[in-house]
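Engineer: In order, the protein sequence lines correspond to chains P and B. Under our numbering, the first sequence is numbered contiguously, ending at residue 296. Under our numbering, the second sequence is numbered contiguously, ending at residue 225.
By construction, these hints were calculated from the structure, which means they are not laboratory data. Incorrect hints may appear among the rest.
So, partial list: chain B residues that the calculated Cβ filter (under 10 angstroms) puts toward chain P [said to hold, decoys possible]:
| hint | residue |
| --- | --- |
| 1 | Thr43 |
| 2 | Arg47 |
| 3 | Arg50 |
| 4 | Glu89 |
| 5 | Pro91 |
| 6 | Ser197 |
| 7 | Ala200 |
| 8 | Thr202 |
Using N, Cα and C, we set each Cβ at its ideal position, and we do this for glycine too.
Chain residues, written in single-letter form:
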Amino acid sequence: MSASDDASVRVERTDAVLILTIDRPAARNALNPGILERLAAELAAADQDPAIRAVVVTGGPKNFSAGADIDVLAGHSPASYMASPTRRAFESIARTEKPIVAGVAGFCLGGGCELALACDLIIAADNAVFGQPEINLGIIPGAGGTQLWRSRTGSGPQIEAALLGHFVDAWTARRIGLADEVVPAERIVEASLAKARAIAAKAPLASRAAKAALGSIATMNLHAALAHEVSLMAGLLGTEDAKEGTAAFLEKRPPQYHGR
Amino acid sequence: MTDHLQSPGALHRIEFSGTETDAERLARMRRAFREAEKAAVLVLAGSFDGDVTDPEALRDLTNLLLETPLPVFALPSGSVGRRGIPLMLAADQAVIGSETSIDGNWRTSPGLTALLHHRVGSSRARAVLFSLATDLLAILVENGFAVRSKDPAAHIRQVAETLEEDGIGRRIKRSLQASTELPLKEALAFDFWFSHNAQGGAP
Chain P
37 MSASDDASVR
47 VERTDAVLIL
57 TIDRPAARNA
67 LNPGILERLA
77 AELAAADQDP
87 AIRAVVVTGG
97 PKNFSAGADI
107 DVLAGHSPAS
117 YMASPTRRAF
127 ESIARTEKPI
137 VAGVAGFCLG
147 GGCELALACD
157 LIIAADNAVF
167 GQPEINLGII
177 PGAGGTQLWR
187 SRTGSGPQIE
197 AALLGHFVDA
207 WTARRIGLAD
217 EVVPAERIVE
227 ASLAKARAIA
237 AKAPLASRAA
247 KAALGSIATM
257 NLHAALAHEV
267 SLMAGLLGTE
277 DAKEGTAAFL
287 EKRPPQYHGR
Chain B
23 MTDHLQSPGA
33 LHRIEFSGTE
43 TDAERLARMR
53 RAFREAEKAA
63 VLVLAGSFDG
73 DVTDPEALRD
83 LTNLLLETPL
93 PVFALPSGSV
103 GRRGIPLMLA
113 ADQAVIGSET
123 SIDGNWRTSP
133 GLTALLHHRV
143 GSSRARAVLF
153 SLATDLLAIL
163 VENGFAVRSK
173 DPAAHIRQVA
183 ETLEEDGIGR
193 RIKRSLQAST
203 ELPLKEALAF
213 DFWFSHNAQG
223 GAP
């Protein structure tokens, strides 16, 4: 495992998985522009690195993120918020092409919740608390918190979160589909890593294509999304990985994918 | 108030006052939970008597007890009233002495049906709620939720000692919560993660 640290984000590599750990415990991992820009930069670099096949974003076993720095938020004008690096960073994170697993423990609120929702799978620790409390500050979520719950939970929990700012514990999160698995808090990193490793063991081009196909429903109607899926599938048929996958299946051996 | 077992703070004991309102009790319990961060077990003792003064506060207090990640024992002394019943049933076990009794019509206690359903199961809850029996404590003892003891405090100290080592009490409580909240296979997976020490693989 290799590691580098900077600006409250720890960056580690283990095999084909990149682990990004928000590390600002004194502020319950509140997101400042530096953290978001670093996350965005690391994810953009991961997209360009063929050795990385999946990513874990976590805050460790205590807190994922209690949200955005309130003083940073309060310092914005309408114009400066629209052009803020924070906003650009969220957009960049959401555009990441490689699969991301969020390992969520403790507070996962506001911008922290929106960050988790920008990931593909959410592993929740049993101490996790999700919520969009922005309404209590006289504002609303600004990075997807009024939109991104819906595809996972349906409209009821989305509306409760946005209009009432109610918190959702890990068990409820699992029940409503906000979280995909619940694990003991002290195992959140291992569990997220296990999930990311399982993804990384699949054919990387297919994983990327699957993520693109899954995401297309947010920007296309169903007809277009289905057509997009067909084109992505057709493209994969020409890859070495697809040939290896089918050959390994027929030869009853584990496949060896190289992302070609 | 903290009782000392093998290590300081192993048993965190909260004494309910018969004169406090439900809201005051809730506020005191929230503070107590923060103080009990390293305790092995939580003991609720003192007065469980009286009627409900604030249903919302009593509901929040009941939820707080259900969510707490450490074993909770109810040690009611004297009579248990309508507001004491949900608190007793939100505990993991009640330990009752010879002088403990139920006061009034326990069937009208808020939260009783849901808690009883979860504590003794659907069929037994129906048997209890629709039976002619009037002694709820006897029924709870019969169903394994409550234990009679000549010295309830000593009994709980002994149990706490067995739950202190390696944090096993907290682990059991968290797995019980997972079993309540998750489908069987997900609850099993949750529990197996406790036995998984090395970083990396799945349970």
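Engineer: Are any of the numbered hints broken by this structure? If so, which, sorted upward?
Structural biologist: 1, 2, 3
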